[in-house]
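If you read the sequences in order, they're chains G and S.
Note that the numbering used here gives residue 252 to position 252 of the first sequence, counting from 1, and the numbers run on in steps of one.
Note that the numbering used here gives residue 115 to position 115 of the second sequence, counting from 1, and the numbers run on in steps of one.
What the hints contain is simulated information worked out from the structure, not anything from laboratory work.
These numbers come from a predicted model, not from an experiment.
Each hint should be verified, as a subset may be incorrect.
[What the hints assert, rightly or not] Derived DEER-like restraints, expressed as beta-carbon distance ranges: (1) Q139/G - G120/S: 26 to 34 Å; (2) V227/G - R57/S: 36 to 44 Å; (3) W116/G - G120/S: 21 to 29 Å.
[Stated by the list, open to error] Derived lysine to aspartate or glutamate pairs resembling EDC-like cross-links, with alpha carbons at most 20 Å apart: (4) K309/G - E124/S; (5) K309/G - E21/S; (6) K250/G - D367/G; (7) K309/G - E209/G; (8) K309/G - D177/G; (9) K250/G - D177/G; (10) K309/G - E32/S.
Ideal Cβ placement from N, Cα and C applies to all residues, glycine included.
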Amino acid sequence: MKKWAEVALGVVTSIGGFLEVGSIATSAQGGAEFGYQLAWVLVLGTMSLAILMEMTGRLAAVSQRTYADLLRERFGYRFFLLPLVAVFVVSLLVVISEIGGVSIALQIATGIDFRWWAIPTAIVGWFLLWRGNFTIVEQGTAMLGLVAISFAVGALKLHPVWPTLGRAMLPSLPSHDRARYWYLAVSILGASISPYLYLFYSAGAIEDEWTIEHLGVNRVTAGMGNVFGGGLAIATLVTAALVLAPREIKVDRYEQIALVLATPLGRAGLVFFIMTLFITCFGATLEIVLAMAYLLAQGLGWNWSENLKPDKDARFATSYSVLILLAALPIAIGMDPLTLTNISMVATAASLPVTVIPLFVLMNDGDLLNTHVNGWPSNLALVVIALLSIVLLVAALPLQLLGGG
Amino acid sequence: MGALHLSHDVIDAQLVDRQQEKIGRIDELLLELEDGQPPRVATIVIGGVARARRVGRWMLALHRAVHALFGHREEQESRVPFDAVRRIADTIELDVEGDALASMRLERWLATHIVLRIPGGSGERK
Numbered sequence: 001m002k003k004w005a006e007v008a009l010g011v012v013t014s015i016g017g018f019l020e021v022g023s024i025a026t027s028a029q030g031g032a033e034f035g036y037q038l039a040w041v042l043v044l045g046t047m048s049l050a051i052l053m054e055m056t057g058r059l060a061a062v063s064q065r066t067y068a069d070l071l072r073e074r075f076g077y078r079f080f081l082l083p084l085v086a087v088f089v090v091s092l093l094v095v096i097s098e099i100g101g102v103s104i105a106l107q108i109a110t111g112i113d114f115r116w117w118a119i120p121t122a123i124v125g126w127f128l129l130w131r132g133n134f135t136i137v138e139q140g141t142a143m144l145g146l147v148a149i150s151f152a153v154g155a156l157k158l159h160p161v162w163p164t165l166g167r168a169m170l171p172s173l174p175s176h177d178r179a180r181y182w183y184l185a186v187s188i189l190g191a192s193i194s195p196y197l198y199l200f201y202s203a204g205a206i207e208d209e210w211t212i213e214h215l216g217v218n219r220v221t222a223g224m225g226n227v228f229g230g231g232l233a234i235a236t237l238v239t240a241a242l243v244l245a246p247r248e249i250k251v252d253r254y255e256q257i258a259l260v261l262a263t264p265l266g267r268a269g270l271v272f273f274i275m276t277l278f279i280t281c282f283g284a285t286l287e288i289v290l291a292m293a294y295l296l297a298q299g300l301g302w303n304w305s306e307n308l309k310p311d312k313d314a315r316f317a318t319s320y321s322v323l324i325l326l327a328a329l330p331i332a333i334g335m336d337p338l339t340l341t342n343i344s345m346v347a348t349a350a351s352l353p354v355t356v357i358p359l360f361v362l363m364n365d366g367d368l369l370n371t372h373v374n375g376w377p378s379n380l381a382l383v384v385i386a387l388l389s390i391v392l393l394v395a396a397l398p399l400q401l402l403g404g405g
Numbered sequence: 001m002g003a004l005h006l007s008h009d010v011i012d013a014q015l016v017d018r019q020q021e022k023i024g025r026i027d028e029l030l031l032e033l034e035d036g037q038p039p040r041v042a043t044i045v046i047g048g049v050a051r052a053r054r055v056g057r058w059m060l061a062l063h064r065a066v067h068a069l070f071g072h073r074e075e076q077e078s079r080v081p082f083d084a085v086r087r088i089a090d091t092i093e094l095d096v097e098g099d100a101l102a103s104m105r106l107e108r109w110l111a112t113h114i115v116l117r118i119p120g121g122s123g124e125r126k
């Protein structure tokens with residue numbers, strides 16, 4: 001019984017964790033500009049993330065070590081600097097965008113300019129990290145994040161054309177604006193497959209004291225959670241395709257995305273949109289700064305746990321405190337959250353090889369995983385994701401220049 | 001247990017002290033050379049300088065510059081004799097007191113000067 005409670009909780013966690021500023025913005029842009037056509041990218045991104053999460057979760061549950069810990073130990077400090085720096089740069093961009101998302105939600109709700117909300121958001125977030133424990137951060141944001149289901153309700157009320165949507169699950173070439181299409185494809189992949197997600201998940205497996213007994217929970221959490229989470233992202237794309245595309249509204253401000261729920265659901269839709277944007281971005285803010293602090297602490301061998309009082313892991317606690325306050329500054333001085341979101345999603349996509357490729361080595365290490373090493377299907381999937389990540393790295397900058405505007 | 005691979009199992013491994021508290025990683029490992037004796041693994045080095053040295057001269061310069069900026073004069077580096085190793089498993093246990101290590105100075109400083117001055121910084125498990 002307890003196990004099923006854990007499974008349910010895990011699934012809820014990944015639903016709440018999946019939708020955040022990046023996937024809301026990029027899915028809405030994709031739907032507004034290309035209708036259902038980019039849905040296949042969400043399918044690809046969601047499947048890739050599910051596979052990466054299952055693997056890092058399995059690695060942690062069996063070896064009792066986090067992915068960041070093993071990145072340092074097995075690949076050495078020189079190599080470790082690569083994922084450390086890459087993940088820090090992109091995660092900082094993403095967390096700034098998330099604080100931007102929270103601030104925009106508050107601006108729409110109150111009418112007070114988003115810049116004023118960045119620092120208070122960071123302070124409240126810091127307080128929760130300082131006083132709260134892992135369970136509060138993980139489950140609190142996940143439970144509240146269920147409000148994102150309103151996107152699915154909105155999509156259903158708009159009566160999508162199912163056969164067309166079904167066909168969009170398979171890749172197709174654009175009939176217009178090729179550079180923009182591929183740019184959005186890369187952004188959507190960057191929003192779906194974020195390194196912070198699997199670094200956080202792998203540290204979470206240790207925080208939640210997972211053992212080999214939890215491999216089933218891990219599989220269901222990574223699989224089902226992402227099916228639901230990805231489903232909500234597709235619902236966002238569908239609502240944008242049905243609300244924004246016919247009116248030829250291209251998303252260049254967050255307020256426009258509010259229309260996608262206000263149209264099918266009326267005033268309640270606007271409220272749900274604000275709540276979804278607020279909660280999911282706030283939850284992601286906490287998870288990203290924790291993921292960065294985990295990476296740093298585990299890589300350098302410091303004491304770390306969100307379940308310890310800060311004086312027991314002073315460097316870890318100081319790290320997330322400094323990071324969350326630092327991330328509020330660009331928004332406080334008025335950087336545009338949406339522009340930042342788009343740049344950070346493309347940067348995330350480009351950063352993937354350094355955290356995806358080493359996983360292949362670790363997942364085939366019998367000393368760490370015994371009989372739970374990857375079989376050939378998992379290895380094949382991981383090779384495909386690794387190749388995809390290399391394509392993203394190469395394509396990111398040219399597409400940012402050609403299709404970013 | 002049979003042979004251990006220094007670069008695979010020992011260098012970069014997580015270190016814990018007598019109380020099983022995490023105290024950093026093996027950032028460098030020194031061999032001791034004595035006349036007429038074969039070289040032997042003698043010293044574990046923990047600290048940012050050692051890590052920077054492994055990356056290259058520019059990193060070392062960067063590291064020094066950052067520390068100079070904060071007005072540090074002493075190297076925050078610990079050298080522990082390899083004889084202090086008590087156990088080698090997923091982590092390596094050293095027969096030392098973590099709090100006494102120079103490489104833990106920042107941890108101690110942050111704990112006493114910052115963390116403990118903020119409400120909720122100390123106490124039992126959250």
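Against the structure, the hints:
1. Under the hint 26 to 34 Å, the C-beta atoms of Q139/G and G120/S, about 20 Å apart, miss the expected range.
2. Taking 36 to 44 Å as the suggested C-beta distance range, the pair V227/G and R57/S does not conform, at roughly 50 Å.
3. A hinted range of 21 to 29 Å for the beta carbons of W116/G and G120/S is consistent with their spacing of about 26 Å.
4. Simply put, K309/G and E124/S have alpha-carbon atoms about 7 Å apart, close enough for the 20 Å limit, and the pair holds.
5. For the hint linking K309/G to E21/S, the alpha-carbon distance of about 14 Å falls within 20 Å, and the restraint holds.
6. The straight-line distance between the Cα atoms of K250/G and D367/G is roughly 52 Å, outside the 20 Å bound, and the hint therefore fails.
7. For the hint pairing K309/G with E209/G, the CA-to-CA distance comes to about 18 Å; that is within 20 Å, so the pair holds.
8. Under the criterion of a C-alpha separation no larger than 20 Å, the hint pairing K309/G with D177/G is inconsistent with the structure, at around 53 Å.
9. A C-alpha spacing of about 13 Å is found between K250/G and D177/G, which places the hinted pair at or below 20 Å, so the restraint holds.
10. For the suggested pair K309/G and E32/S, the alpha carbons sit about 40 Å apart, so the restraint of at most 20 Å is broken.
Hints 1, 2, 6, 8 and 10 from the list above are not met by this structure, while the remaining hints are.
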